[in-house]
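K.L.:
Here is how the chains run, residue by residue.
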Amino acid sequence: MTPFTVHTGVAAPLLRENVDTDAIIPSREMRTTGKSGLAPGLFAGWRYQDQSTRTPNPDFILNRPEYHDCSILLAGSNFGCGSSREHAVWALKEFGIRCIIAPSFGAIFANNCVRNGLLPLPLPAQEIAELADRVAQDPQHHRLQIDLKSATLTMAGECSRPISVDSTTRRMLLEGLDAIGLTLQSTDSVQAFITEDRRQRPWAYIAHDSNR
Amino acid sequence: MSGQTAFDKLWAAHAISTDADGSTLLLIDRVFLHERTGAVALESLATAGRPILAPEQAFCTMDHIVDTTLGRSDDTRMPSGGEFIRATRKAALAAGIRLFDLDDPLQGIVHVISPELGIALPGLTVVCPDSHTCTQGALGALAFGIGSSEAEHALATRCLRLQKPRNMRVAFHGALAPGVSAKDMILHLISQHGADGGRGHVVEFSGTAVQNLGMEGRMTLCNMAVEFGAFSGLVAPDDTTIKYVQGRPYAPRGPAWETAVAAWRHLRSDDDAAFDQQIDIDAGSIAPTITWGTSPQHAVAIDQPVPDPASEQDPARTSAMQRALTYMGLTPGTDLRGLPIDAAFIGSCTNSRLSDLRSAAEVLQGRRVAPGVRAICVPGSMSVKRAAEAEGLDTVFRAAGFEWREAGCSMCFFAGGESMGYRERVVSTTNRNFESRQGPETRTHLASPATVAASAVLGRLGAAAEVLRA
Numbered sequence: 001m002t003p004f005t006v007h008t009g010v011a012a013p014l015l016r017e018n019v020d021t022d023a024i025i026p027s028r029e030m031r032t033t034g035k036s037g038l039a040p041g042l043f044a045g046w047r048y049q050d051q052s053t054r055t056p057n058p059d060f061i062l063n064r065p066e067y068h069d070c071s072i073l074l075a076g077s078n079f080g081c082g083s084s085r086e087h088a089v090w091a092l093k094e095f096g097i098r099c100i101i102a103p104s105f106g107a108i109f110a111n112n113c114v115r116n117g118l119l120p121l122p123l124p125a126q127e128i129a130e131l132a133d134r135v136a137q138d139p140q141h142h143r144l145q146i147d148l149k150s151a152t153l154t155m156a157g158e159c160s161r162p163i164s165v166d167s168t169t170r171r172m173l174l175e176g177l178d179a180i181g182l183t184l185q186s187t188d189s190v191q192a193f194i195t196e197d198r199r200q201r202p203w204a205y206i207a208h209d210s211n212r
Numbered sequence: 001m002s003g004q005t006a007f008d009k010l011w012a013a014h015a016i017s018t019d020a021d022g023s024t025l026l027l028i029d030r031v032f033l034h035e036r037t038g039a040v041a042l043e044s045l046a047t048a049g050r051p052i053l054a055p056e057q058a059f060c061t062m063d064h065i066v067d068t069t070l071g072r073s074d075d076t077r078m079p080s081g082g083e084f085i086r087a088t089r090k091a092a093l094a095a096g097i098r099l100f101d102l103d104d105p106l107q108g109i110v111h112v113i114s115p116e117l118g119i120a121l122p123g124l125t126v127v128c129p130d131s132h133t134c135t136q137g138a139l140g141a142l143a144f145g146i147g148s149s150e151a152e153h154a155l156a157t158r159c160l161r162l163q164k165p166r167n168m169r170v171a172f173h174g175a176l177a178p179g180v181s182a183k184d185m186i187l188h189l190i191s192q193h194g195a196d197g198g199r200g201h202v203v204e205f206s207g208t209a210v211q212n213l214g215m216e217g218r219m220t221l222c223n224m225a226v227e228f229g230a231f232s233g234l235v236a237p238d239d240t241t242i243k244y245v246q247g248r249p250y251a252p253r254g255p256a257w258e259t260a261v262a263a264w265r266h267l268r269s270d271d272d273a274a275f276d277q278q279i280d281i282d283a284g285s286i287a288p289t290i291t292w293g294t295s296p297q298h299a300v301a302i303d304q305p306v307p308d309p310a311s312e313q314d315p316a317r318t319s320a321m322q323r324a325l326t327y328m329g330l331t332p333g334t335d336l337r338g339l340p341i342d343a344a345f346i347g348s349c350t351n352s353r354l355s356d357l358r359s360a361a362e363v364l365q366g367r368r369v370a371p372g373v374r375a376i377c378v379p380g381s382m383s384v385k386r387a388a389e390a391e392g393l394d395t396v397f398r399a400a401g402f403e404w405r406e407a408g409c410s411m412c413f414f415a416g417g418e419s420m421g422y423r424e425r426v427v428s429t430t431n432r433n434f435e436s437r438q439g440p441e442t443r444t445h446l447a448s449p450a451t452v453a454a455s456a457v458l459g460r461l462g463a464a465a466e467v468l469r470a
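Respectively, the protein sequence lines represent chains U and Y. The first sequence begins at 1 in our numbering and counts up one residue at a time. The second sequence begins at 1 in our numbering and counts up one residue at a time.
For the record, the hints were derived by calculation from the structure and aren't laboratory data. All values reported here derive from a predicted model rather than from experimental measurement. Each hint can be trusted.
Straight-line alpha carbon distances no greater than 20 angstroms define the calculated EDC-like cross-link-like pairs of lysine to aspartate or glutamate that follow:
1. U/Lys93 - U/Glu175
2. Y/Lys164 - Y/Asp8
3. Y/Lys243 - Y/Glu258
4. U/Lys35 - Y/Glu83
5. U/Lys149 - Y/Asp21
6. Y/Lys164 - U/Asp166
7. U/Lys35 - Y/Glu43
Quick list of simulated restraints, FRET-style, between CB atoms:
8. U/Asp188 - Y/Tyr422: 56 to 62 angstroms
9. U/Asp138 - Y/Gln278: 43 to 49 angstroms
10. Y/Lys90 - U/Ala156: 49 to 55 angstroms
11. U/Ser189 - Y/Gly200: 25 to 31 angstroms
12. Y/Asp308 - U/Asp147: 40 to 46 angstroms
13. U/Asp138 - Y/Gly200: 34 to 40 angstroms
14. U/Glu127 - Y/Thr18: 30 to 36 angstroms
15. Y/Asp280 - U/Gln49: 46 to 52 angstroms
Listed below are several chain Y residues computed to face chain U (Cβ distance under 7 angstroms; list not exhaustive):
16. Ile16
17. Gln57
18. Ser148
19. Phe231
20. Phe413
Just so it is clear, CB atoms sit at the ideal spot from N, CA and C, and this is done for glycine as well.
Can you make the complete structure from the sequences, with help from the hints?
P.N.:
Have a look at this one:
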């Protein structure tokens with residue numbers, strides 16, 4: 001997985017609350033069984049005036065020239081609520097988003113972000129609103145830098161402020177760890193636990209030969 | 001020291017190890033996949049050369065993409081849907097996991113068939129790459145939705161690494177008024193406490209009104225825990241639960257059954273258990289509830305007017321309400337009961353079980369859907385469909401003018417490649433009224449099966465009482 005250490009980029013404010021994963025990637029945009037080819041469907045319902053011809057909606061924030069090459073979203077509370085579809089994160093990542101800053105996140109979405117090297121960064125709504133105001137004055141110059149090593153957030157030419165990311169998320173992202181590989185290192189203790197658990201909870205295990 | 005909650009007990013029984021930072025390796029007892037994300041997860045594991053450790057505890061169904069029309073085949077109306085179906089079938093076969101395929105008499109929506117078949121049980125951890133996995137918490141399981149990557153993790157390692165969520169209790173005291181259902185309870189809760197009111201918590205639903213719900217009502221309640229922003233929801237197992245589970249195909253039998261029941265009896269919150277948050281609701285005060293906007297928190301009693309964003313203090317919430325009103329084509333103060341509808345949908349993992357269909361059929365018996373209203377009923381599983389047909393419910397639905405379909409997720413979200421029409425107003429027993437979820441700019445109103453059936457008859461939004469007393 002791509003590590004996340006220091007990232008600097010253009011931030012775009014999308015401050016609506018409860019932006020759901022259906023809005024991030026509509027069902028009808030999930031056309032292949034793989035994890036790629038999803039960026040054109042990102043925010044399809046808002047991004048295009050006509051979805052069939054893909055005519056851009058010039059008012060949508062990500063279509064505005066001043067937010068060209070945006071890689072950070074400034075978002076409202078409960079961002080990524082709704083469906084567990086990891087396609088929402090794959091679409092954001094393929095589009096070029098590396099970090100989403102919001103007061104709160106849908107729990108499954110936040111986890112999906114970390115599994116794919118995106119940082120879901122919680123900040124108070126008031127701070128996000130202030131950042132959004134400053135960014136909007138000149139998005140290409142008022143870039144944000146997120147340094148996960150020193151746990152700081154900086155707007156170009158301004159003072160850094162501390163950010164708070166839980167230690168597991170921070171470690172996974174900094175080291176770009178493969179979660180499965182990491183857990184497989186604990187195989188022995190998992191097996192030992194299961195051996196004892198089978199004695200305690202025989203009813204929880206389905207027999208190999210059950211033919212139902 | 002205070003006692004443990006039911007969730008604390010579930011967590012402790014599955015915690016393999018906990019790191020200094022609190023992250024816990026949690027044993028996962030069941031993994032359920034579906035064709036939307038199943039093939040991605042299984043193919044990705046195969047590519048990485050990672051075997052599935054316990055294929056006998058993993059299951060897969062076809063529900064998210066399959067057609068629900070009669071005579072369906074792999075070639076669904078959904079563009080490229082057939083690829084998902086065939087890829088999932090191939091991957092499930094190669095992985096050696098039980099697949100409930102299109103033509104399987106047990107096929108259905110994952111959160112309907114998992115409890116129905118006894119795959120989910122009290123005391124288990126159950127995961128599925130589907131946010132409504134919390135439905136299965138109704139059994140007293142710790143059941144939660146995950147992404148595809150986490151599904152791979154659970155299949156390859158039999159565990160997941162998690163931070164323990166906090167405990168919340170939502171107690172519904174007293175008795176529900178006649179005509180009020182579990183769907184009204186959960187919509188009421190979310191309308192009062194917000195779409196992220198349960199964030200970071202496992203919610204235990206309790207109180208007399210919950211104890212008096214059947215298992216299917218409890219599933220409806222837990223189904224929308226995710227719409228409340230919760231990690232999951234659950235109801236502690238009791239006699240109703242145990243009676244429900246007994247004899248189901250994958251439920252334990254013989255001596256294992258006795259051991260299981262003894263264990264499940266302990267899975268209730270201790271009297272002195274401490275909850276991080278508690279919400280108390282007078283169940284008798286809940287009326288038939290319906291959404292007016294584009295978030296499940298945008299809900300009111302059906303006899304209440306559309307609220308005014310100006311009355312909301314929080315500016316983010318005010319702007320979301322204004323946006324929702326524009327999208328829904330509504331103005332504050334409007335009586336919802338006057339709004340004409342284009343379509344009515346009964347189905348989804350929220351409300352497609354036998355008791356849901358009975359409740360709708362009671363309203364539809366001897367009545368007709370209003371002219372110009374498209375009405376569709378999609379049973380949650382083929383087993384539900386057969387049971388409904390055995391008691392003649394299909395006849396009631398058909399005679400009323402409802403389409404009677406095969407099992408699947410259907411119109412909840414473009415499953416089977418079908419949508420409601422542009423800007424159509426739809427009353428639906430589903431769980432999400434998000435923008436364009438049911439179709440292009442479709443205006444969805446979420447409600448109970450009885451309210452949806454009544455609205456279909458009236459040709460406008462309305463409660464069952466209006467129809468039943470007519």
